[in-house]
Amino acid sequence: MTESVKTLKFKFYSMTDIIKTSSRSITELYFNEHFDELRQRVFHILSFLSLMTFFTFYNVKLLVKILESPVSNIQFFQLSPGEYFVSTLIISFYAGVLFSTPLLLSQTLFFFRPALTKNEKNIIVGLLISSIVLFILGLLFSYFLLIPAALNFFIFYGSEVIEPFWSFTQYFNFVSTLFFSTGLVFQVPIVQIILSLSKIVDPIKMLNYWRPMILFSTILGAVLTPSADPITQLLLSSALFLLYFLGSITSINLVKKEVL
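For the sequence shown, the working numbering assigns the number 1 to the initial residue and increments by one for each residue that follows.
Some clues are possibly wrong.
[To be verified] In silico DMTMM-like links for lysine to aspartate or glutamate, alpha-carbon gap of 20 angstroms or less:
id : residue 1 : residue 2
1  : K65       : E120
2  : K199      : E120
3  : K257      : E120
4  : K256      : D202
5  : K121      : D229
6  : K118      : E258
[Said to hold, decoys possible] For each label pair, taking beta carbons as the anchor points, the in silico distance ranges come out as:
id : residue 1 : residue 2 : range
7  : L79       : R211      : 44 to 50 angstroms
8  : F216      : E33       : 44 to 50 angstroms
9  : L137      : F216      : 38 to 44 angstroms
Calculated from the structure, these hints are not laboratory results.
Don't be surprised by glycine CBs; every beta carbon is placed ideally from N, CA and C.
Please build the complete structure, drawing on both the sequences and the hints.
In structure tokens, the structure reads:
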């Protein structure tokens, strides 16, 4: 009777193999945790965006009246049956994005917070708050100054020969472009501060370049404005130059204080 003998084979792991395996497991664990956290934050942002979009769509008539108030004497029309409906959907989505921006920025900051020092957190929070405030100021500047100036120019320019009847969709495209351009221009000081604190650009040199900045502001104001009237271009280019000067002074003070 023959007995079969099974040979047991043992595999011996070195300490290096154990360390590599443990490190890989920990890395995979951290990656999964960060991915789950990122997924949850994205879900919260998208949920809030959907909620704000639905809320603004429910009250979209109020937003339309606010957009039309700079030219209350103009009668608007729609070229096709669904034109106004599509425009209100776009307005609601834009407003939802605007209202969701603070949550988006805060969730992004909370996600990267463990990798930041206390000083870096304070700087980023300050920049985010300043960016939101400047963007809102840009919207107000556009709504109360740029839009009335541009529209009144076109109204009075042809008031003796034509009767103005405007498409609401084209009007909304004009206004939204001006809103976006102005909000973008008002972020110039934030960009200057980031470049200065990162030691990419010397803030004193930025201040010394004020003469070329006058020409650059004029050109950029002409590019960003959706209309060809000189009043709107002058207002936007003047605001851009003043913001550049403000950003240069602020950057110099922050660099002197060595906040980073």
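Check your understanding: Which of the listed hints are broken here?
Key -> Violated hints (numbers, rising): 1, 5, 9; every other hint is consistent with the structure.
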